[in-house]
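> So the sequences go chain by chain: A and B. Letter by letter, the first sequence follows residues 45 to 177 of my numbering. Letter by letter, the second sequence follows residues 222 to 489 of my numbering.
One or more hints might be untrue.
What the hints assert, rightly or not - Residues from chain B that face chain A, not an exhaustive set, calculated with beta carbons under 10 Å:
(1) Tyr-262
(2) Phe-338
(3) Ile-363
(4) Ser-409
(5) Phe-444
Don't read these hints as lab results, they were simulated from the structure. A quick note: this is a predicted structure, and the numbers were derived from the prediction, not measured. Glycine included, each C-beta is placed from N, C-alpha and C at the ideal position.
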Amino acid sequence: MEDTQTIPTPPTKGPETPNITLPPVSPPTNTITKKPLPILVILVSIILILIITLIAVFLQNRKENAPTEQVIVTPTAAPTPTPIRKPSALSTTDAFIAFSIKNASFSAEISNFTFQEGLFTPPTLDLDLGIND
Amino acid sequence: MVFKRIFIYAALFILGLSFTSSVKATSVQAYQDFQFQFDIYRQIFGDYRVALGEFKKYGSLSSEQDALEKVKTAVGQRNQVARTYFLFLNEMLTESPSMPPAELDLYQKIITNEIAFLDQETSMAPSLSSLADVEKMSSEFIKHYPILQSSYRQTIIAVQLGYLRYFAKQFDTLASQAQAIVNANRSSMTDTKRATLDRFILALSNKRSLYQQKVDGVRTGTFKLTGDVADQDRKFVVLLQDLSSARQYLGEGSSFITEIEKALTYDD
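Extracted from the complex, chain B is given alone in its bound form (with noise of 0.2 Å):
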């Protein structure tokens, strides 16, 4: 008796187990691909530059069509790259929790134009027959390119202030619900009593004003990423700054709630 229901919940955990890595979140196995078309990518264009340094020294024939079939995989794969980091992002932002569908639409759409954009340069690859041909498809790309760096920018904050507003979204309520005992209750606190609560709800609602000043501007400014690709991280580092902040104001909140709850739950 004892053995078969030793056997039951050994079966039962180990189900358990089977479940909890099916469902391991998609965006971890994306990151995962991308990383594994990095190194490629960073292997095929070592031998490219070797080729290329081959042609260079000896200018003949079979280099020159060496360099040029390394230099075909190594832009295709350049824009496998680009792509496969999109579809994590696409990952990120299906699994944000919080995320309104009108901004989930806008975001997909912007990585779905890149996508076509990056794999229709792909498809173009083979059929280059020269270096120089090679050389003005790239500058296609490099054109294109802070767009594409602004693409990644605009959706990494997207990811997060969707993240943050869940965050929110349960604060709010905690904090409504906190005031909502304390109003309740007034009238059988101390003085001292209620005065610390209100002083413990002005700090929170302090908390959550700072909170909603830090996530406006980061909204604002997420459309002023655009131009040049080192201009565009100098702003991209102060928003990922400002969001953190978000995120603190509502961790420190969130302990104001934990002392109303303390201080509710005894008399004296």
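Bound-form chain A, shown alone (with noise of 0.2 Å):
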């Protein structure tokens, strides 16, 4: 678009002076270039929250899967103390104490037993001698 101006000029009775041709004087622009840039920054800030929620997503999410780290647990120079339990004046009778012992023997000898071997399998015979096939 080509916007000249043509100014006419006041009938003079001297020499004809050719026609002046001024150039386009371009309109003020601070209006038209004051609306676009909130738009821009609001498509800026957009992406910018954007990457940043999407990078603390990420974060987040790698501090979650990340593997524990393990705990290796080294002896104390101080153990705990386990409770000190007072014997009963029961434990040291001698009746108690043949108990216990019998009890122990018993214990042992209930869930150390097995029986002989090949006692529950009686021998499968042959019936069929194959005379008569």
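If you follow the hints, you should be able to join the two separate chains into one complex; please do so.
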């Protein structure tokens, strides 16, 4: 679009002067450039927020999925003392000691007892001699 | 002086070792004998099958004679295997620590009768003159086979019941001792401890009744081990499982006695 302005010259009696063509005058720009700026700012800020959110989500996920560090337990110089239980007066009597020994012996006997090998499998013998086949 | 002492200890140790080997259970030896006879039986029966195959293929007199000789040996060895297993069970019965004399007598009679039948069959084998005679004699064995298998199974159950009875006797003694100790010291216990011990006593008495139920069921089931061998096998497996459960109940009961003992060992 060529905006050329022709200024009309008043009629003079002198020699005729040629028409002066002025260069196009640009309209004031400050109103036009101010409009797209907020849109750009909004767009950029949205993109920035999105990127920050994505990074945050990514970091959070990474933190959650990270393997837990193995806790190496090293023996301490002073272990936790086990509470000292006071033995009863009964536990030192001969009758109770004899009972404990008998019980220990019985528990061991019943838990370790096994039958002689082969006791549960009587022999299967051949009945058919195959003479009449 | 020191050397003399070492020598005496070494001599005693060697003497002890020789003693332990001499008191090795005779049931172990009886079972080894059975295994040995069973291996021979497998070999002899294999040889007989080959000879019978030859006879069926060629039909010659010599092949028939060979098959006859081998089948006579095979039948004799079959009886020998059955016999050695009965001898093994007899040893197991004798070693059973808590077998009532009446029951021992009953099962030993069963074993004696079975061995007598097998010996009679074995003694007849050499006089057989044809394969048809062998087949006829073997049919007697086949007819008797379910009774033979039933005798095996009933005796096995009796042996196991004998061992369980021995454990149950020990269990009862320990349980009554534990209860007597608890009752004697009841007044010096806290309420909580008394309640805990009462719970243990109740639990062990429950286990004892469960044991008794299983054992009674097995005793009744033993006499139903008759008839078809496959059917006997099915019933036998169930009875063995019940015996195993009965033993487990005693073991669980024993752990309650141990808990009572632990609770009585300490004041708190």
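> The structure should be examined with respect to each hint, and the outcome stated for every one.
Tested hints:
1. Among the interface hints, the one on Tyr-262 of chain B holds; its C-beta lies about 8 Å from the nearest C-beta in chain A, closer than the 10 Å criterion.
2. With its C-beta approaching chain A no nearer than about 14 Å, Phe-338 of chain B sits outside the 10 Å limit, and its interface hint is violated.
3. This hint holds: Ile-363 of chain B has a C-beta 5 Å from the nearest C-beta of chain A, less than the 10 Å allowed.
4. The criterion of a C-beta within 10 Å of any C-beta in chain A is met by Ser-409 of chain B, whose closest approach is roughly 8 Å, and the hint holds.
5. This hint is violated: Phe-444 of chain B has a C-beta 17 Å from the nearest C-beta of chain A, more than the 10 Å allowed.
Consistency note: the structure conflicts with the earlier hints numbered 2 and 5.
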